[in-house]
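Protein chains in written order, with this note's numbering: chain A, 1 to 189; chain B, 1001 to 1082; chain C, 2001 to 2275.
Keep in mind that a hint or two might mislead.
Simulated restraints, written as ranges between beta carbons of each label pair [as the list claims (entries may be wrong)]:
{"hint": "1", "chain 1": "A", "residue 1": "D129", "chain 2": "C", "residue 2": "G2173", "range": "47 to 53 Å"}
{"hint": "2", "chain 1": "C", "residue 1": "A2150", "chain 2": "B", "residue 2": "G1046", "range": "43 to 49 Å"}
{"hint": "3", "chain 1": "B", "residue 1": "Q1018", "chain 2": "C", "residue 2": "A2116", "range": "44 to 50 Å"}
{"hint": "4", "chain 1": "B", "residue 1": "E1014", "chain 2": "A", "residue 2": "K85", "range": "39 to 45 Å"}
{"hint": "5", "chain 1": "A", "residue 1": "E177", "chain 2": "C", "residue 2": "A2116", "range": "38 to 44 Å"}
{"hint": "6", "chain 1": "A", "residue 1": "N94", "chain 2": "C", "residue 2": "A2034", "range": "47 to 53 Å"}
In silico DSS-like links for lysine-lysine, alpha-carbon gap of 25 Å or less [what the hints assert, rightly or not]:
{"hint": "7", "chain 1": "C", "residue 1": "K2131", "chain 2": "A", "residue 2": "K172"}
{"hint": "8", "chain 1": "C", "residue 1": "K2131", "chain 2": "C", "residue 2": "K2037"}
{"hint": "9", "chain 1": "C", "residue 1": "K2048", "chain 2": "B", "residue 2": "K1024"}
{"hint": "10", "chain 1": "C", "residue 1": "K2268", "chain 2": "A", "residue 2": "K170"}
{"hint": "11", "chain 1": "B", "residue 1": "K1077", "chain 2": "A", "residue 2": "K130"}
{"hint": "12", "chain 1": "A", "residue 1": "K130", "chain 2": "B", "residue 2": "K1078"}
{"hint": "13", "chain 1": "C", "residue 1": "K2048", "chain 2": "C", "residue 2": "K2059"}
{"hint": "14", "chain 1": "B", "residue 1": "K1078", "chain 2": "C", "residue 2": "K2179"}
{"hint": "15", "chain 1": "A", "residue 1": "K36", "chain 2": "B", "residue 2": "K1077"}
{"hint": "16", "chain 1": "A", "residue 1": "K172", "chain 2": "A", "residue 2": "K130"}
{"hint": "17", "chain 1": "C", "residue 1": "K2261", "chain 2": "B", "residue 2": "K1078"}
{"hint": "18", "chain 1": "C", "residue 1": "K2163", "chain 2": "B", "residue 2": "K1077"}
{"hint": "19", "chain 1": "C", "residue 1": "K2268", "chain 2": "A", "residue 2": "K57"}
{"hint": "20", "chain 1": "C", "residue 1": "K2079", "chain 2": "C", "residue 2": "K2131"}
{"hint": "21", "chain 1": "A", "residue 1": "K85", "chain 2": "B", "residue 2": "K1024"}
{"hint": "22", "chain 1": "C", "residue 1": "K2250", "chain 2": "B", "residue 2": "K1077"}
{"hint": "23", "chain 1": "B", "residue 1": "K1015", "chain 2": "A", "residue 2": "K172"}
{"hint": "24", "chain 1": "A", "residue 1": "K172", "chain 2": "C", "residue 2": "K2163"}
{"hint": "25", "chain 1": "C", "residue 1": "K2079", "chain 2": "B", "residue 2": "K1015"}
{"hint": "26", "chain 1": "C", "residue 1": "K2079", "chain 2": "A", "residue 2": "K170"}
{"hint": "27", "chain 1": "A", "residue 1": "K57", "chain 2": "B", "residue 2": "K1078"}
{"hint": "28", "chain 1": "A", "residue 1": "K159", "chain 2": "C", "residue 2": "K2084"}
{"hint": "29", "chain 1": "A", "residue 1": "K80", "chain 2": "B", "residue 2": "K1069"}
{"hint": "30", "chain 1": "C", "residue 1": "K2084", "chain 2": "A", "residue 2": "K172"}
{"hint": "31", "chain 1": "B", "residue 1": "K1069", "chain 2": "A", "residue 2": "K36"}
{"hint": "32", "chain 1": "A", "residue 1": "K130", "chain 2": "C", "residue 2": "K2059"}
{"hint": "33", "chain 1": "C", "residue 1": "K2268", "chain 2": "C", "residue 2": "K2250"}
{"hint": "34", "chain 1": "C", "residue 1": "K2037", "chain 2": "A", "residue 2": "K172"}
{"hint": "35", "chain 1": "B", "residue 1": "K1015", "chain 2": "C", "residue 2": "K2048"}
{"hint": "36", "chain 1": "A", "residue 1": "K57", "chain 2": "C", "residue 2": "K2261"}
{"hint": "37", "chain 1": "A", "residue 1": "K80", "chain 2": "B", "residue 2": "K1078"}
{"hint": "38", "chain 1": "A", "residue 1": "K170", "chain 2": "B", "residue 2": "K1015"}
{"hint": "39", "chain 1": "A", "residue 1": "K172", "chain 2": "C", "residue 2": "K2250"}
{"hint": "40", "chain 1": "C", "residue 1": "K2179", "chain 2": "B", "residue 2": "K1077"}
Calculated from the structure, these hints are not laboratory results. Glycine included, every Cβ here is placed at the ideal spot set by N, Cα and C.
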Amino acid sequence: MSENPLLAPIHGITLEDYSAACAKLGSGLSENDVAKALGVELPVWQEANLLWPERMKQDGTFHIVTLFGQYFGQADQHPKFGNLKPVVSAEGANNTEKIKTDIDFYQELEVARQVAYEYGIDGAQWIADKYGINLGDFQVAASIWNEQIQKDLQTDYAKYNENQDTYRAKYKHLFAEAQGGNVADDIEF
Amino acid sequence: MSDEEKKKPLTYLEKLRQSALNQKNYGGEVNMEEARVEARDCPNCGAGRAYRHGLTACAYCGFTFMDIKLTDGVHIKKENNS
Amino acid sequence: MFNFFEKEYDNPALIEKIKQTQNKWISFLEKLEARMKEMCMGALPELKEVFEQDNDPYKRAHGRMVSALQGQLGQMREKANEVKEEKVFNFVHHASATIPPITTKAGRKYDDMLYAFRQVCLDRHRIFEEKIHYYFSLLKGTTGQQDLEADYQEQLTAFESIKDKFGCKQCGGNITIPKLFFIATYVTCPFCHTQNTFLPSTATQLVFHNARSLAEQRTAHLLKAYEESETKAPGLYQQYLRSMFDEWNKIVPDMAEENEKFYQRLLKDNSIDHH
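Please construct the entire structure, taking both the sequences and the accompanying hints into account.
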């Protein structure tokens, strides 16, 4: 794979570095923090941050973007970022751990997040407020579970759907109630 | 339609508007900063950051600012390696 | 009509039920449509105000509001689908089991009646769906109000007025920023050769963030010409794409080389799609 020119490091920043950096930006680290962890100055980081997405755009095979997703999910294992964690509550830390180890917990919150948007609530903020999980860690969990979910979908589509419907119903009820019902609740057949 | 029914969507809109405006944006408000210039001194010899032999090392004491190999980027090019 | 061979099957109650169900279905959809119209029309001026009041450069309060309204449209759509399933499809299914076989005259008559009922209900539902779709677009359209051209011109003017006003952090000598940088960039002091780092304003970074959208706004007429052309001529699309990229490159000349690579990829994808 190293022959692929689209995978060559940009200013010494590899795709692994870049993917982990993006995950960490999502968990609340600043661009300066990230640049420092990578051992570069801000202009160098910002160029890499501009050019890696260009490489993904230029790659019609989606290979780079697929790898990006994989490395993103492994951000916690990246040696340059291993010790860099934003400050979170104990409960937040537990939930952050849980979402990366418990697929059902992740799937339920993913549905909750989507339904929140349908009710005009920023789903990412809702999850941060309610569970102390930041967007970066949520996206890391998404990359961790993506493959398993595809597999489950293929093995038992009906069951997958049923679970999704249950979650959807639960959160629709919750968010609708919070806003005093849906606009057309009173219209019946 | 009764008055009660007519009121419903409007009350909803009023509430929705408040909720949309009052919610905190994820990651906080965008801090609108002005353009500025910064410079870094060499942490090793204290000299100003001069450009003589590239960007990655101190021009005076050779201290490594960045342990990387610059490639051809947008403004920064290979030639900027010390 | 006389029928000497069999006592004709007759089920006036079913006929009445079909008629009633059809009327109820239509009136149910009409009520939903009236509600969605009221909601969306009432929302338009509110959305405009929120858009203007929203200080967030990404206009997220406005985005949340649009998303919620679309969520309510989705809610109405789901409601109609549930009723369609229960009161139209299930009804036809159960009623079909109670009528004589379609090999008989009466069976055919009732089967035709149920078929016609189902068709009328589905046709009406299609109109309902079209309306939902219309309101979805209407709400979505309220996000296109941002005048990106004005923002961009404002940044160009602002840059002209500040580009000579920076001083070297080392010697205080005057540094002129050679062009509108969108990212942090090293600039060398012409006097003491110190490497300073120029950090563009947040507003300038946002202009860059919106560069493609601005290029799309500038060339929207070409995309429209393609979309409205009867044959959807690929030549017209390519003309649009080229112009859009030209505009994009004018806004961020530093990215022209990268943009061209992306353009080539899109052309390639496009030619594959047309085979």
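What are the numbers of the hints that this structure violates, sorted from low to high? Going through the list in order, the structure violates hints 10, 11, 12, 24, 39 and respects the others.
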